[in-house]
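Chain order of the listed sequences is A and B.
According to this note's numbering, the first sequence is numbered sequentially starting from 1.
According to this note's numbering, the second sequence is numbered sequentially starting from 1001.
No lab work stands behind these hints, which were simulated from the structure alone.
In this text, all values refer to a predicted model and were calculated from it rather than measured experimentally.
Please note: incorrect hints may appear among the correct ones.
Claimed, not checked - Pulled a few chain A residues facing chain B out of the computed Cβ check, cut under 8 angstroms:
no.	residue
1	Tyr7
2	Glu12
3	His204
4	Gly241
5	Tyr285
6	Ala288
7	Ala289
8	Pro291
Said to hold, decoys possible - Straight-line distance between alpha carbons at most 25 angstroms, and here's what the computed DMTMM-like set of lysine to aspartate or glutamate pairs gives:
no.	chain 1	residue 1	chain 2	residue 2
9	A	Lys297	B	Asp1135
10	B	Lys1139	A	Glu12
11	A	Lys13	B	Asp1008
12	A	Lys13	B	Glu1129
13	B	Lys1145	B	Asp1186
14	B	Lys1128	A	Asp235
15	B	Lys1090	B	Asp1230
16	A	Lys13	B	Glu1085
17	A	Lys13	A	Glu43
18	B	Lys1090	A	Asp17
19	B	Lys1272	B	Glu1284
20	B	Lys1090	B	Glu1101
21	A	Lys297	B	Glu1105
22	B	Lys1145	A	Glu168
23	A	Lys109	B	Glu1013
24	B	Lys1145	A	Glu95
25	A	Lys150	B	Glu1105
26	B	Lys1018	B	Asp1008
27	A	Lys13	B	Glu1283
28	A	Lys122	B	Glu1129
29	B	Lys1139	B	Glu1085
30	A	Lys150	A	Glu130
31	B	Lys1272	A	Asp305
32	A	Lys13	B	Glu1061
33	B	Lys1145	B	Asp1008
34	B	Lys1090	A	Glu12
35	A	Lys13	B	Glu1284
36	B	Lys1139	A	Asp305
Ideal Cβ placement from N, Cα and C applies to all residues, glycine included.
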Amino acid sequence: MPWKQGYTISDEKSLADGEVRWPDGKRCAIHIVVDLSVARGAEGIGPRDLASPAAQFGLNDGLDLLLDALARQALRATFAVPAVLAECYPDRVKEIVRLGHEVAAHGFKHEDVSALSRDEEKARIALATELLGAISGVRPAGWFALPRQKDAFAGGAISANTMGLLLEAGYDYMGNGLADDLPHYWVTDFASRQAILTLPYYYHFDDQFFCLFPTEGTGLENPDALLRNWRAELDAQYRRGRFFGITLHPQHIGWCHRLAGLEEFLGGLAGRALWNPTGVELARYWMAAYPAARSLKLAPSIWQDYPGSLS
Amino acid sequence: MSDSRSADRLGAELAELKAAAAHNGGRIRRLDGLRWPRGARIAVNITVDFDAMLLRRLNNEPPMELAKGEFGGRVGIWRLLELFEAHAIKATIFTPGRICELYPEALRAAVAGGHELADHMWEHRVPKEPSLARDHLLKTAAALKAIGGRRPVGSRSHYPAALLREEGFIYNSHGAPSHRPYYVLDERGRPLVLELPFHFAIDDAMFFSFAWYRSGNAGQRLADTDRVFDLWLAAFQQQYRQAGYLNICLHPFVSGRALRIAMLDRLIAAMKASPGVWFASCEEVARHCLAAHPAGAPAAAAASPSGA
């Protein structure tokens, strides 16, 4: 069997803290991702999702409040936008771009692609890329496959073909991976060392799993635990000089006390030597500073097949 | 149905339950009056289950779940080793044999740091077929010996205790019928292996790993580190007061996250603030127990529900 496929997606060891450098002598990077999807199921956004009170709040009042909160702290974010949502709310997407944020792709309709044929998935990536580029004015450079509140696993769904298709379609980065807490290379072909840069995501820093919605997610209201997680991780990663990322949903974080908590957290960032890039800025910096050709260390595999054990 | 037939059936049920209780009670022997070396007031085993993505793979979980486990090999294990070194603590790394092919560099670093490598099955399962189970156990022992230079003497697994004993293992760290070390006995009451008990309440994944053991979204495992710090310190203090034992189970893909390393750093410092805390590898604790309470010695005060 080739390399350790089916087990690992990258090299054996991450960069040590001391090897990480950020632009302008900054100590740590902070990446804010805003997920605009309102999909509740694996099939992606449907008419009923758009009709929900949460969706209507999230795409209107909630988004206004979140954009204001970011602007007050002069922070920029990467918005993960399903293509169908950009078609339905083009003015909102244009406003996000006008305010200096990045618009990245979040699937055609934030659907689960894991069972699609390669051709079907390829066609959807092409269509989503075209639609988002036409509305935002810039071809998206990043692609996300974030989880939904009801997903059995909180990592987001991709197929075996997704990463390779994103490379083919010219994407600079994939926005949510779990194998590291730094940007890292997701190897799609070990023989040719082809890889796509993947930005870190972790569900313990994603608001949707801490905010009550009785029949979805946890059904429990824990935004205080979310805030403690954010503070603890930021402190620890800042000391290490690494990276910190949070994922926000306007329909969740925009509400009352949750918004107050977010504003308090964002207000506390001032005074720290943080670099706040959008996804594409982060990805392009990383690929220049730590190119795969130099930093990806794919040791020759000692992996073997044995009778009586999994390949 | 007649009253007598009903009474017969209930009587049979009762007899079956009494037999089961007697059987179970006869299969463990507590080490009464166990004391720790050099007057230590508590023994603490920090144990690391280094499965990375192997269990996710075994359960056929989707790609991002495997990547979540991969964090443990790329990042988490290294941070745990640094943490242990900073506190001069020797830990036990329960390692599936397959990990030797995935993360040999980290395992060599663990050995160089003086930590114990122990068995955690070949690919995180115990095959039902006895010959394949033995094959997996021996493959793992050989793989760990190739890296660590010595054969493992401990396991965290569901392997039958008789098999572990036959293959030279002295302890398992899996059961929880007692919160202190105890012997697992065979059908005739003879000790097979020592158990260093482990409890899910002192297991990081139970608090921090979404979808662990197939828990649904409502059975959320999204605790923050302050809460777990408080719970685990309380567990330590409770055991400290009674000259007890604490086995802290960490997974590199869970506890290797920066916020949790910071919490563990605080927790270890808080434990060290009390005098007489013996931080040891599982092997050290097991060898102490075996020497202080030899398996061959008569079970002077062996406790069982029937008092046998």
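Inset, instruction - Given the hint that B/Lys1139 pairs with A/Asp305, test it: the Cα-Cα distance must not exceed 25 angstroms. - result: 13 angstroms, holds
Inset, instruction - Could you check if A/Tyr285 really has its C-beta closer than 8 angstroms to a C-beta on chain B? - result: For A/Tyr285, the interface hint is violated, since the closest Cβ of chain B sits about 20 angstroms away, which is over 8 angstroms.
Inset, instruction - Identify whether the interface hint at A/Gly241 stands, where standing means a beta carbon of chain B within less than 8 angstroms of its own. - result: Nearest chain B Cβ about 11 angstroms off; hint violated.
Legend entry - Distance restraint between B/Lys1139 and A/Glu12, which requires alpha-carbon spacing of 25 angstroms or less: 22 angstroms, holds
Legend entry - Status of the A/Ala289 interface restraint (C-beta, 8 angstroms, chain B): A/Ala289 check fails; min Cβ-Cβ to chain B is 19 angstroms, beyond 8 angstroms.
Legend entry - Proposed proximity, B/Glu1284 with A/Lys13 (alpha carbon, max 25 angstroms): 30 angstroms, violated
Legend entry - Interface restraint verdict for A/Pro291 against chain B (beta-carbon cut-off 8 angstroms): Violated. Min distance 18 angstroms.
Legend entry - Agreement of A/Lys150 and B/Glu1105 with the hint, judged by alpha carbon distance not exceeding 25 angstroms: Between A/Lys150 and B/Glu1105 the Cα gap is close to 38 angstroms, so the pair fails against 25 angstroms, i.e. violated.
Legend entry - Interface hint outcome for A/Glu12 [beta carbon to chain B under 8 angstroms]: Holds. Min distance 6 angstroms.
Inset, instruction - Sort out whether A/Asp17 lies within 25 angstroms of B/Lys1090, counting only the CA atoms. - result: 23 angstroms, holds
Legend entry - Given hint A/His204 near chain B, where the shortest CB pair must fall under 8 angstroms: 6 angstroms, holds
Legend entry - Given hint A/Ala288 near chain B, where the shortest CB pair must fall under 8 angstroms: The hint is violated - A/Ala288 has no Cβ within 8 angstroms of chain B, the shortest such distance being about 22 angstroms.
Hint violations for this structure: numbers 4, 5, 6, 7, 8, 9, 11, 12, 13, 14, 17, 22, 23, 24, 25, 27, 28, 29, 30, 31, 33 and 35, all remaining hints satisfied.
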